[in-house]
Amino acid sequence: MKRLFRIMQTFATVYYAYMVEYRAELVLWVLSGSLPIILMGVWTQAAQRGNFGLSPVDFARYFMAVFLVRQITVVWVIWEFEREVLEGKLSFRLLQPIDPVWHHVFSHASERLARLPFAVLLIVLFFILYPAAIFVPNILTIALFLLAAGLAFALNFLIQYTLAMVAFWTERASSLQEFWFLFYLFLSGAIAPLAVFPESVRTIAQLTPFPYLINFPASILVGLPVNLIQGFLVMLAWCAGFFALNRWLWRKGLKQYSGMGA
Amino acid sequence: MSTIVVEHLSKVYPVAVKEAGLKGTLTHFFKRTYRQVKAVQDVSFKIEPGEIVGFLGANGAGKTTTLKMLTGLIHPSSGRVEVAGHIPFQRRSAFLSQVTLVMGQKQQLIWDLPALDSFKINAAVYGISDRALEHRVGELSEMLSLGGKLNQPVRKLSLGERMKAELLAALLHEPNVLFLDEPTLGLDVNAQVAVREFLREYNQRYRATILLTSHYMADITALCERVLMIHQGQLIYDGSLDGLVDRFSPCREVKVEFARPYSAHELSVYGDIQDVDKQYARFLVQQEGLTGAIAKILADLQVIDLTISDPPIEEVIGRVFQAGTVAR
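For the record, the sequence lines run as chains A and B. Position one of the first sequence corresponds to residue 1 (this note's numbering), numbered consecutively onward. Position one of the second sequence corresponds to residue 1 (this note's numbering), numbered consecutively onward.
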């Protein structure tokens, strides 16, 4: 237990130092995540004319929350893992008495801490420009939001790390991610809140993991109606499913791994 | 008990075959054919604790594949491997904390951070305390003369310094079985000597077992009393370095200095000419005809000086590889 704590502490410090090495990139990464802010402009304009059941201010808040959720849940493990497999760097990780996934988990977690100040800055800037959208959620809402966003990160990571396992067989796992991303974009609520989707699409989307990655935590934060208990249970179920699939593929993949180029 | 036991080890890879040209590409896309490549075939050997063994073979002979099976990175197709009393592929902690792998063309250090940060990660992973880490880094960096370099980002180090830092990272957890794949690749002569000296000292100080591949024969001759030679996936020699020369090259090298220059044509009757430079010449002469050949050279030609020695090990090995298949 003490050793685990030490591993966590060391990984977090070193990977934080690593992320901070790339200050300029960090700012760019944060900015590149600002698609929701552009979409917000589109939707608030549209909401002034059409009837979507959501007011322009609702849209503004929703997309601000989407921006925040994206900052918390962004995952790139598939590209890193693919590179490690192709370059044979996974070999070094496999020789250490710890599952290689922890390196990825901690580098993702530390990156979040490193980009947080920039993200907060951007949100403050937004509220200065658009004071009508300012709102202060209560403590319980914030706690639930953080829980949901944390779980959304875990689910997103598990899904992508599972897709990454394909790198053991095809050497181009990231193309799978690009295909997956299409569905993610439309069904997660990144482009439009699920509330404005037709009933039938929404029902189908609710059965997939996608809405839980963005729409669910974002809706919690801005107070759009969600079924909390059902939402968390579905997320946990998807997490468990992908975890099992991941471990199974990992074991099979290791047998397949030839330490390419190593 | 032997540190490394390998019995009838084999590894077969499927490799996709693609013909050149558009037709080949289309066929490759729709109906891929695979060829089974036997990378390692029925290899057996044992290595005792504290031995330094050189692992020789041309590119693609199966050295790296064997090393990967010994470290548990890949699963053998058949046969048995045991290292430090463990089956490598199970990758148990007790096994992993006893072995290390250094690959000359790969690096494990984090490129943009000082090497010390990478060491901290390794220390945490292997459960090395801060004090033990400090002590160990001090000791190894002194042996490697790396003092003061460990605070700089790895990308700012020279190739030689980086390799030394890689070695340090690989040895932090005091492994007693070292697998080294081309540890001196690309290093200049001084750095090669330093790495070699370090390995010898490490072996003596910790009684570590070392299996080493290198294309620089100087590494092998300086460090290894015993060599394994692998050719087309098969082990063709296991024994002392001197024995290798006797076995594969029952020749001696004869160097002669003449009073006047002779042409290669004139000299060709006396033996297998390696090179001729004005009045200097170098021959390879079969062991059994050696006395006769020398008597003939001394009788027919105006000789100033003549020396007989073993041919350089590179040449012996080069001959074995060129010969293609070798009788076992």
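If you're looking for bench data, these hints aren't it; they were derived computationally from the structure. A quick note: this is a predicted structure, and the numbers were derived from the prediction, not measured. One or more hints might be untrue.
Okay, derived cross-link-like pairs now, DSS-like style, lysine-lysine, Cα gap no bigger than 30 Å in a straight line [what the hints assert, rightly or not]: (1) B:LYS296 x A:LYS89; (2) A:LYS89 x B:LYS149; (3) B:LYS18 x B:LYS106; (4) B:LYS255 x A:LYS89; (5) B:LYS46 x A:LYS89; (6) B:LYS38 x B:LYS149; (7) A:LYS255 x B:LYS31; (8) B:LYS106 x A:LYS255; (9) B:LYS255 x A:LYS255; (10) B:LYS38 x A:LYS252; (11) A:LYS252 x B:LYS255; (12) B:LYS31 x B:LYS106; (13) B:LYS149 x A:LYS252; (14) A:LYS255 x B:LYS278; (15) B:LYS18 x A:LYS89; (16) B:LYS255 x B:LYS296; (17) B:LYS106 x B:LYS156; (18) B:LYS31 x B:LYS18; (19) B:LYS38 x B:LYS23; (20) A:LYS252 x B:LYS18; (21) B:LYS149 x A:LYS255; (22) A:LYS89 x A:LYS255; (23) B:LYS38 x B:LYS18; (24) A:LYS89 x B:LYS156; (25) B:LYS278 x B:LYS255.
Now for the hints, and whether the structure bears them out:
1. B:LYS296 x A:LYS89: violated (59 Å)
2. A:LYS89 x B:LYS149: holds (24 Å)
3. B:LYS18 x B:LYS106: holds (28 Å)
4. B:LYS255 x A:LYS89: At roughly 48 Å apart (the allowed maximum being 30 Å), A:LYS89 and B:LYS255 break the hint.
5. B:LYS46 x A:LYS89: Distance ~28 Å between B:LYS46 and A:LYS89 Cα, so the pair holds.
6. B:LYS38 x B:LYS149: The given pair, whose Cα atoms are some 43 Å apart, is violated under the 30 Å limit.
7. A:LYS255 x B:LYS31: holds (24 Å)
8. B:LYS106 x A:LYS255: Distance of about 22 Å is within 30 Å: holds.
9. B:LYS255 x A:LYS255: Violated - the C-alpha atoms of A:LYS255 and B:LYS255 are around 54 Å apart, more than 30 Å.
10. B:LYS38 x A:LYS252: Distance of about 22 Å is within 30 Å: holds.
11. A:LYS252 x B:LYS255: violated (59 Å)
12. B:LYS31 x B:LYS106: violated (34 Å)
13. B:LYS149 x A:LYS252: Between B:LYS149 and A:LYS252 the Cα gap is close to 41 Å, so the pair fails against 30 Å, i.e. violated.
14. A:LYS255 x B:LYS278: Given that 30 Å is the threshold and the Cα spacing comes to 60 Å, the pair is violated.
15. B:LYS18 x A:LYS89: Holds, because 27 Å separates the two Cα atoms, which is no more than 30 Å.
16. B:LYS255 x B:LYS296: Since the Cα atoms of B:LYS255 and B:LYS296 sit roughly 14 Å apart, the hinted pair holds (cutoff 30 Å).
17. B:LYS106 x B:LYS156: holds (17 Å)
18. B:LYS31 x B:LYS18: holds (10 Å)
19. B:LYS38 x B:LYS23: It holds: about 28 Å lies between the C-alpha atoms, which stays within 30 Å.
20. A:LYS252 x B:LYS18: With Cα atoms ~26 Å apart, A:LYS252 and B:LYS18 stay inside 30 Å; holds.
21. B:LYS149 x A:LYS255: Not satisfied, since the Cα-Cα distance of roughly 39 Å exceeds 30 Å.
22. A:LYS89 x A:LYS255: This hinted pair holds, its Cα atoms lying about 16 Å apart.
23. B:LYS38 x B:LYS18: With a Cα-Cα distance of about 18 Å, the restraint between B:LYS38 and B:LYS18 holds, given a limit of 30 Å.
24. A:LYS89 x B:LYS156: Distance of about 21 Å is within 30 Å: holds.
25. B:LYS278 x B:LYS255: holds (13 Å)
The structure fails hints 1, 4, 6, 9, 11, 12, 13, 14, 21 (numbered hints given earlier, in ascending order).
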